[in-house]
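Enquirer: Heads up: the sequence lines are chains W and B, in that order.
Take the first sequence: its position 214, counting from 1, is numbered 214 in this note's numbering, and each next residue is one higher.
Take the second sequence: its position 7, counting from 1, is numbered 7 in this note's numbering, and each next residue is one higher.
No lab work stands behind these hints, which were simulated from the structure alone.
All values reported here derive from a predicted model rather than from experimental measurement.
Hints may contain errors.
[Stated by the list, open to error] Derived CB-CB ranges, DEER-like:
1) B:Lys287 <-> W:Tyr12: 31 to 41 Å
2) B:Leu3 <-> W:Thr216: 41 to 51 Å
3) W:Tyr12 <-> B:Ile367: 19 to 29 Å
4) W:Thr70 <-> B:Ser379: 42 to 52 Å
5) B:Leu3 <-> W:Asn22: 41 to 51 Å
6) B:Met1 <-> W:Thr216: 21 to 31 Å
7) B:Phe36 <-> W:Ser135: 43 to 53 Å
8) B:Ala362 <-> W:Gln198: 14 to 24 Å
9) B:Leu3 <-> W:Arg75: 17 to 27 Å
10) W:Asn7 <-> B:Phe21: 46 to 56 Å
11) W:Val16 <-> B:Met1: 38 to 48 Å
12) W:Asn7 <-> B:Lys287: 27 to 37 Å
13) W:Glu239 <-> B:Lys287: 55 to 65 Å
14) B:Ile367 <-> W:His20: 37 to 47 Å
[Claimed, not checked] Only pairs whose alpha carbons sit at most 30 Å apart, straight line, appear in this in silico DSS-like list of lysine-lysine:
15) B:Lys320 <-> W:Lys133
16) W:Lys64 <-> B:Lys373
17) W:Lys151 <-> B:Lys223
18) W:Lys151 <-> B:Lys376
19) W:Lys132 <-> B:Lys287
20) B:Lys373 <-> W:Lys56
21) W:Lys107 <-> B:Lys11
22) B:Lys223 <-> W:Lys108
23) B:Lys373 <-> W:Lys151
24) B:Lys287 <-> W:Lys76
25) W:Lys56 <-> B:Lys376
26) W:Lys76 <-> B:Lys376
C-beta: ideal position from N, C-alpha, C; glycine also.
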Amino acid sequence: MVIRVENLVKRYGDLVALDHINLSIRQGEIFGLLGPNGSGKTTLINCILSLLTYNKGEIEVFGKPMNPDTYDSKRKIGVVMQNVAVFEELTVWENIDYFCGLYVGDKKERKTLVEEAISFVGLEDFQKFYPKKLSGGLLRRLNIACGIAHKPSLIFLDEPTVAVDPQSRNKILEGIQELNRKGATIIYTSHYMEEVEQICTRIAIIDKGRTVAEGTNDELKSMIKTTETIHIETVDFPESLITSIQSLPNIYKTDILPGKITLRCSRGKHNLIHVLDFLKKHEIVFGRVYTELPTLNDVFLEITGKELRD
Amino acid sequence: MFLHLFLYRLKSFFRTRSIIFWTMLFPILLSTLFKFAFGSSSDILENYKTIPVGAAVVSENAETESFLSILKSAEFSKDNPMFSIKAGDLESSKKLLADGQIDGIIILDSSFSVLFSKSNINQSIIRQFVNRYIQTVKIVTDIASVSPENFSKTLSLLEENPAYLQSVTVGGEKSDPMLQYFYALIAMACLYGSFLGLQNSHSIQANLSALGARRHVTPTSRKLLIIADTLAAYLIHFLSIIVLYLYIRFVLQMPVGPQPAPFLLICLLGSVIGVSIGQCVGSLARKSENLKMALTLGFSMLSSIFSGLMYADIKYYIGKNAPIINKINPATLISDAFYSLSVYSDYDRFSSSLITLALMSAALIIISYFSIKRGKYASI
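Extracted from the complex, chain B is given alone in its bound form (with noise of 0.2 Å):
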């Protein structure tokens, strides 16, 4: 009997086209738009091309031959040259400018000046790398000149390390800050599984559908129909978000989940705790399901949102002024539990998001379970 009644919800939620759309193609174009929109920091630099530029030697002196070697040594990553350099002077540098076969010119005088037509990344990064030759420039200038005992020790400062300030991780792998908008939105995804719960509810409950009606009257205990709809929900949704997970992984290329079975046992948490808001919101008030559908998208979306879904410091913010929403916030939660995978080598911060989940997902099975359970009804 489990299994016939399992079977056809299984089936029936497979033909449920927006069902379909909504937890398994929305998540995937979303993730699609994020690769292209953010792709990750680490693919920007070896991605980069070489930036043509033109060096007008106005005054040639040492420091334009020392700029100049400089310039040919900067790299965006190994055997990357960060330019391709055509020197020569500021009225040829010019013309090439106009016909777009360089993308600046650096004009080697006293000042290190520089001209463009246009303004892109390109541009930025020649006018970065500039002012920051400058800037080095009159830090050793200043060094030698005020405290030349320390003048050696500022060399080999200024040679070890070029970056102020560097990424660290705490532990774990390397953490790219791009994926965390792609585990808001697997968080998201996962709470998607309302509408499995919400359409349930709709069939179960004999006030709120005729084949609520109809079911209500057979001799199946309802605790078997209820069991058999909500594990079929559980079963179709978890499954959606792994389809989510390994597109991902290995369609987009994206780093998540580099530990794949507790990274999808807070995935399947996740849609647990997502089908059983549905069946939660679909069965305590007797509204229309459409305004209780978006009841659930509006509650998802928000959540989503903010766990960092369009603007990952919101997070944060909320973090630090209203600190409870993120406690109780599932796709915070859920997102953070990623996370907190993918940058910490060990499991402290992971198992505290676990258990939290965990026992969230226990409070909203109860609750629905106990909702959806009426044995007869007031109305009809």
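Pulled out of the complex, with its shape left as it was, chain W reads as follows (with noise of 0.2 Å):
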């Protein structure tokens, strides 16, 4: 286990930010945190990185408590914060080598490491430039490389794509998958479920500082009753066959709205022919029909009662 975190309390006055939050990471994984703005995901993070003080629980990180002065284990540790953190002074290759050399004290190996880092983010045209003179996608991608310069074997990544542009989002979200296949463990937290979805081999959602689901993609989408949803445009929907289109088989809610009419089906088979069949027997007129798979908004909104893009 690299990360272990039992029952975790945090409290900011009467707020109480993590309510006996219960964790484990193992080595290798690509573990999600999931949840909206302000659910305590950042807090869990700093946390763990004996940034904060906490009213009650253990926090152990590569199998040992974690404190400010547990230097061997923070040696190990790459950190990319939520909000860019790099000296406006200094040039990009500046920034990372001297980030770089918090961690490395041989001049060699860290010009190696550097000039990898560089690579890896594709920033080579901008080794010169000052942080000001980048783009927020090529800020955010300094930022990464001034954390994981030094090769570590976990990595904190806190929203690492928040307004970026979609070709840097890939170039990043590429890069991390490229570190967990070279080692590394990592810890990625988002509101984003897409990225969340495409990346990380394990997830927990987290919602007002407590853990409501936890697993791999597929285990947290089979914990749920919605195993389709089926969306119908349709220009006017008589409200006469509301409870009849309702009453097919596996659909177990009805969401009209004007032009539209979303069907969310629990387990079962050929659920859209069902559909299908029905506006052809009350000769219902319809544009597009179309499927959808459980996200885990799904699962959130399932469980919580809101959406996870509050």
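Taking the hints as your guide, dock the two standalone chains into a single complex.
Expert: Written out as structure tokens, the structure reads:
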């Protein structure tokens, strides 16, 4: 176990930011922490990193209790902060060299690591640029390079793709998977479910300081009732037929919106065929019909009653 | 590791424009303005030009002859006569005055009146000279009639020491009162080290910046980070004070710091105090960086004003009415230490100022170190 968090409680006055949260992260995982803004993801990360005090609980990293002066463990950790954390007065190369130098003392070794980090994030053409001259995406890449240049075995990435262009986002996600393939354990926090679904091997969904669900992508989706969501675009759906369509096999919830009907289906086969037969039988004019597999947002919605995107 | 941190911090400070401006360029600019505004009192007399004056002889007698000879002999300094005299009648003198060829007319009649077409420093000098002559003549006349036995003694005194008040130094080099402003300016520049200290505290503390948080989670000890950043700030700021000192002394030609070693020692302590004040302010409250910058700037300016930056006598006024302020105001302590070097021939007063500054430095270093060195935070 790389990280073990047991019964962690953190309060800010009357606000309980972390409410008896438990977490176990294994070697080699890309562990996703998913939750809306204010759910406690960053607070949890900061407690694990020994930046924040906490009221109750235990935290172990690499099998040892984590403290501000647990330098052996810190040497193996890389952190990419949610906010860009670089020196505005140093160039791209200098920033990466500085932060790598906080972990690696040997100058020759460090030079190699810095060059590799620059190549890894694709900043070869920007080595002599100052941070204020970089775009948001490039700045995020610099932020990542500063956190991983020393090749840590445990990497924390706290919402690394906020306000980032799609090209840079893809580059970042590919880079994270590459780091994992090379042996790093990754803790990835985000409120973008698509990213978490794409790269994480195991996911914990957090809300109001508590873990509401934990498991692989498939395990999480199997926890909920919805296995399929069918969307029908229709001009005019008679109200008299709402009860009828809802009584079709496996359909447990119907949402009627102007021009659109959404049907949530539980486990079962041929749900779409049943729906199409129904529409044909009642001669209902419709446009597009498409089906969606459940998302983590559906998981979150079913468990908490609200959307991930607040 | 230390060298890595130290050198990068130096580089970072050198490239921060606001710091270079406030700690180096602004004091140089201000000292230049001071030079133009005040110069040096010893320069004033040497740089003064001879004043063209008209002597309109109305009634020619022994007294007017005597006055004319005194007028001719008056000088600002050696080989720099005070007046160039154009003697003539009143009408021709008035014409010369109207044409601007003379700055004033001394009418040589029974009352020695003066006539000007405008009022500025030359006219004041002419007026003062004539008034002084009239007063001296009256003194001599009165002594001759009332106490004739003291007449020759009075004449001797007037010849030897025409100035009844003379400034003397108690030791050391000659004291130029204008230097007080430059000492107060250098003290202010020392306190501007607080900007570097402020930046240090923000970049080290995790609850003040993302950069502080990132540096906090590394395996480099906080003690090493703090020491490297602090020493870099001291060095950068001390160098900027040296540049200021050299500029004032050799470019502006002001005789500050006649004894460079002790002078620079005070400058070093001043830098330490300035940077440490910034680190203390930066670390003690979780407020915005702009607010803390305003606080440190306000404190530096107020401290400098109280040390005599704008008005030299304010320090003495404070010393009389609220002496504790002078005893704890770092700018006053620094400028006093500078002044004591140039006025006193022994080091007693200098040593006293030095010890107070050293103790203040030590206290601020300890407070700022322990306030920054926190391991964990309640919130970030």
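Enquirer: Hint by hint, work out which the structure violates, then give me just those numbers in ascending order.
Expert: The structure conflicts with hints 1, 4, 6, 8, 15, 24, although it agrees with all the remaining ones.
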